[in-house]
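Visitor: One-letter residues, chain by chain:
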Amino acid sequence: ILNVEQSPQSLHVQEGDSTNFTCSFPSSNFYALHWYRWETAKSPEALFVMTLNGDEKKKGRISATLNTKEGYSYLYIKGSQPEDSATYLCALNAGNNRKLIWGLGTSLAVNP
Amino acid sequence: NAGVTQTPKFQVLKTGQSMTLQCAQDMNHNSMYWYRQDPGMGLRLIYYSASEGTTDKGEVPNGYNVSRLNKREFSLRLESAAPSQTSVYFCASSGGLAGDDTQYFGPGTRLTVL
Numbered sequence: 001i002l003n004v005e006q007s008p009q010s011l012h013v014q015e016g017d018s019t020n021f022t023c024s025f026p027s028s029n030f031y032a033l034h035w036y037r038w039e040t041a042k043s044p045e046a047l048f049v050m051t052l053n054g055d056e057k058k059k060g061r062i063s064a065t066l067n068t069k070e071g072y073s074y075l076y077i078k079g080s081q082p083e084d085s086a087t088y089l090c091a092l093n094a095g096n097n098r099k100l101i102w103g104l105g106t107s108l109a110v111n112p
Numbered sequence: 001n002a003g004v005t006q007t008p009k010f011q012v013l014k015t016g017q018s019m020t021l022q023c024a025q026d027m028n029h030n031s032m033y034w035y036r037q038d039p040g041m042g043l044r045l046i047y048y049s050a051s052e053g054t055t056d057k058g059e060v061p062n063g064y065n066v067s068r069l070n071k072r073e074f075s076l077r078l079e080s081a082a083p084s085q086t087s088v089y090f091c092a093s094s095g096g097l098a099g100d101d102t103q104y105f106g107p108g109t110r111l112t113v114l
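Going down the list, the sequences are from chains G and Z.
Numbering-wise (the numbering used here), the first sequence opens with residue 1 and increments by one.
Numbering-wise (the numbering used here), the second sequence opens with residue 1 and increments by one.
Keep in mind that the hints were calculated from the coordinates and are not lab data.
Glycine included, every Cβ here is placed at the ideal spot set by N, Cα and C.
There is no bait here: all hints are sound.
27 Å max Cα-Cα, derived BS3-like pairs, lysine-lysine:
id, chain 1, residue 1, chain 2, residue 2
1, Z, 71, Z, 9
2, G, 42, Z, 57
3, G, 42, Z, 71
Okay, the calculated bits of chain G under chain Z, using three or more residues with CB under 8 Å as the criterion:
id, segment
4, 25 to 35
5, 42 to 48
6, 99 to 112
Restraint-style ranges between C-beta atoms, simulated for each label pair:
id, chain 1, residue 1, chain 2, residue 2, range
7, Z, 69, G, 67, 40 to 50 Å
8, G, 7, Z, 44, 15 to 25 Å
9, Z, 95, G, 59, 15 to 25 Å
Turn these sequences into a full structure, and let the hints steer you where they fit.
Guide: This is the structure we're talking about:
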């Protein structure tokens, strides 16, 4: 059974802090890695899809890197703002079959 | 362009009652999905439809049935609701056939089974 792990489970930072979280997955089973942002009482919203080892993606203050050889991806948020407070999910697609394997997420709270 | 819509937003059922959750997307996507989300657990796939006319079981299909009515609509039916089906249900869709296609989610249905 494939497992996707995210750490830390939760994080509290002050406004302006930069932060990062980790998504780990089996390196032998990789097709694509998805990052989603999930605000309370809303639905998950896609941030990035990453497919190649060494990929780096950026959207505003949020960026992500991918290492498929060692089986991890990092999500970075530079200068956190209160509106960044959300749960950040990663999901692995281990084959070209459209079934995503979801991590439990990292819950980020940014204090003003 | 509404994206993915779901109805109802909230529902309370008694054990043994049946109901259908509706989902529609207006993005001309081929693939659609039903997930459930429970506290302490990740999103779990119930059923999915790769394309119009096809449906397949996901990780937790027991107690559910689905219908891909047409390209736009994908419904989830609970024939005899049980308290274990209390959950938040999300419908999602994706455009192409590749595993790197982004999934777009609906707003969710919060279901309570008493």
